[in-house]
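K.L.:
Sequence:
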Amino acid sequence: MDVTETLTFDHTDRKDIYDYIESHGIVREDEVRRALNFEPAALGAHLTVLRRDGYIRKVGDKVQVAYEEEDARTFEAEDGTECTIRTAQQVDLDALVDAIKEVAEEGTYIEAETVGDMIDHEEVILRHNKVQSRMVFVATVEDELAGWVHLDLPETGKLRHTAVLTVGARAKFRGKGIGSHLLERGVEWTDEHGFEKLYNSVPATNEEAISFLKDHGWETEAVREDHYKIDDEYVDEVMMAVRLR
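With the first letter of the sequence shown counted as 1, position 2 gets the number 2 in this note's numbering; the numbers rise by one all the way through.
Keep in mind the hints are simulated off the structure, nothing from the lab.
There could be a bad hint or two in this list.
[Said to hold, decoys possible] Below, computed lysine-lysine pairings styled on DSS-like, alpha-carbon distance capped at 30 Å:
| # | residue 1 | residue 2 |
| --- | --- | --- |
| 1 | K130 | K172 |
| 2 | K15 | K130 |
| 3 | K214 | K229 |
| 4 | K62 | K15 |
| 5 | K130 | K62 |
| 6 | K229 | K172 |
| 7 | K130 | K197 |
| 8 | K15 | K101 |
| 9 | K158 | K214 |
Start from the sequences and build out the full structure, keeping to the hints where you can.
P.N.:
Have a look at this one:
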């Protein structure tokens with residue numbers, strides 16, 4: 001199932017089951033049964049339909065949303081290191097949160113800090129429901145998570161043509177072109193899925209990030225004065241954007 005796919009359920013119980021699984025990332029079947037107070041036979045029948053319709057998949061004795069996995073892409077970084085960009089999986093949770101927090105602790109990427117806190121709190125990476133959806137790609141080097149690109153996909157009708165992108169690479173992996181590959185992957189994915197515009201907001205003091213985005217065709221769309229307060233200093237927010245079509 002693609003995270004932009006319209007969700008339709010012909011039975012309230014199946015919607016409740018999907019919502020529970022979606023909000024937990026991966027969960028044991030007996031936990032779903034107890035949490036939603038289903039008889040084993042009834043739950044089994046509903047899970048069978050949800051699997052048939054492509055909404056969930058079994059993983060051993062657990063179930064999770066059957067997100068479509070995009071093809072992994074491997075490239076050679078500028079220092080010769082082999083790097084792979086792939087769809088983030090639930091098993092990446094701790095490493096992803098650590099990487100985002102490492103970047104956020106530098107104090108120059110507030111949006112990344114918000115994303116990291118949200119994923120850490122929810123303990124779920126990919127999301128797709130009628131309120132919020134998100135897609136995440138990660139870059140790995142020898143099984144170590146080097147960076148990420150996060151796409152916040154609004155479900156509100158009047159905003160569904162836009163998405164908010166955050167991208168980052170851990171300090172030890174910078175200067176190798178990994179951030180550029182992640183950014184390009186995020187832009188490509190949103191373009192392929194019909195989005196028209198991408199946004200990314202950074203503090204005005206993060207000149208490196210602003211320059212990075214401009215080098216990739218992004219433009220400054222708006223500036224909110226004194227939007228952030230960093231180390232007791234007011235800092236402007238620079239809203240960057242790129243139009244896809």
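K.L.:
Run the distance test for K214 versus K229: straight-line Cα separation, threshold 30 Å.
P.N.:
Roughly 24 Å between the alpha carbons, so the hint for K214 and K229 holds.
K.L.:
Holds or violated: K15 with K130, Cα cutoff 30 Å?
P.N.:
holds (11 Å)
K.L.:
Hint check: K130 vs K197, CA-CA at most 30 Å. Holds or violated?
P.N.:
holds (21 Å)
K.L.:
Compare the distance between the alpha carbons of K130 and K172 with 30 Å, and conclude whether the hinted pair is satisfied.
P.N.:
Not OK: K130 and K172 at ~38 Å, beyond 30 Å, violated.
K.L.:
Tell me if the straight-line CA distance from K158 to K214 falls inside 30 Å.
P.N.:
holds (27 Å)
K.L.:
For the pair supplied as a hint, K15 and K101, is the alpha-carbon distance within the 30 Å limit?
P.N.:
violated (33 Å)
K.L.:
Are the Cα atoms of K130 and K62 separated by 30 Å or less?
P.N.:
Given pair K130, K62 holds - Cα atoms ~23 Å apart, limit 30 Å.
K.L.:
Is K229 within 30 Å of K172, Cα to Cα?
P.N.:
With Cα atoms ~27 Å apart, K229 and K172 stay inside 30 Å; holds.
K.L.:
Does the structure keep K62 and K15 at a Cα separation of 30 Å or less?
P.N.:
This hinted pair holds, its Cα atoms lying about 18 Å apart.
When held up to the earlier numbered hints, the structure conflicts with 1, 8 and fits the remainder.
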